[in-house]
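Let chain D serve as the given structure and place chain W on it in line with the hints.
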Amino acid sequence: SQQGEEDPQALSIQEGENATMNCSYKTSINNLQWYRQNSGRGLVHLILIRSNEREKHSGRLRVTLDTSKKSSSLLITASRAADTASYFCAGSSGNTGKLIFGQGTTLQVKP
Amino acid sequence: GAVVSQHPSWVICKSGTSVKIECRSLDFQATTMFWYRQFPKQSLMLMATSNEGSKATYEQGVEKDKFLINHASLTLSTLTVTSAHPEDSSFYICSAESGGASYNSPLHFGNGTRLTVT
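Quick note, the sequences are listed as chains D and W, same order. Just so we're aligned, residue 17 is where the first sequence starts under our numbering, counting upward by one. Just so we're aligned, residue 30 is where the second sequence starts under our numbering, counting upward by one.
Since the hints were made in silico from the structure, they are not lab data. For every residue, glycine included, the Cβ atom is placed at its ideal position computed from N, Cα and C. One should not assume that every hint holds.
What the hints assert, rightly or not - Simulated restraints, written as ranges between beta carbons of each label pair:
#1 D/R96 x W/L103: 19 to 25 Å
#2 W/G90 x D/N34: 26 to 32 Å
#3 D/K42 x W/K84: 23 to 29 Å
To be verified - Which stretches of chain D does chain W cover? Using the computed rule of at least three CB atoms under 8 Å from a CB of chain W, they are:
#4 52 to 59
#5 74 to 80
In isolation and in its complexed conformation, chain D is listed as follows (with noise of 0.2 Å):
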């Protein structure tokens, strides 16, 4: 079953403007984190944040949590071309360490 919702399901900015992308999820977890997926690859590990933070930065990406609401965003500033992917979060719950993931959503930077 999937975990999380993703908004938007695709996102065209252009280059140099920010990419804001949300993700909503179901049940509890230990953490929560991002990955992207450039088309026909595999995933690319972006960014985890636990459940006990509530905000982490890593160059340009810029995630929140928001266990209340248990909902989360990826902020990725100053876009560039090369960001076009799909990005997808992904809770981490039990003790197995496996993720269920959220729909995704598809970034397209246009130059």
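Relative to chain D, chain W alone:
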């Protein structure tokens, strides 16, 4: 960094045949690996958790006799799609955690296998 190698990257097979996909952790040991399936323009669906030295744990709705998983060593898990049919055509991706027993470590993903059953 931790690298997961998946092989083959693509395979075309005839209906009724079986296909084996390998997932290797190259520079770390993985007690647990995970197998996902992804349809075009959709998200990843967890199929099963592969446990080294024991039986895999399958998600609800996944046929264990159809998708055989073997995790014989700490660096290798295999997924065999038995008696493949066109509806099994999909993108299969494996992943592994390099953080040992920690469940607060990211997963490392292979590059996926595109399976086409004709």
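Hints versus structure:
1. Roughly 38 Å separates the CB atoms of D/R96 and W/L103, a value that falls outside the hinted 19 to 25 Å.
2. At roughly 39 Å, the beta carbons of W/G90 and D/N34 sit outside the given window of 26 to 32 Å.
3. In this structure the hint that D/K42 and W/K84 lie 23 to 29 Å apart at CB holds, the actual value being about 28 Å.
4. Counting residues of the stretch 52 to 59 of chain D whose C-beta sits closer than 8 Å to any C-beta of chain W gives 4, which meets the bar of three, so the coverage hint holds.
5. Beta-carbon proximity to chain W at under 8 Å applies to 0 residues in the stretch 74 to 80 of chain D; the threshold of 3 is not reached and the given coverage is violated.
In this structure, the hints that do not hold are numbers 1, 2 and 5, in rising order.
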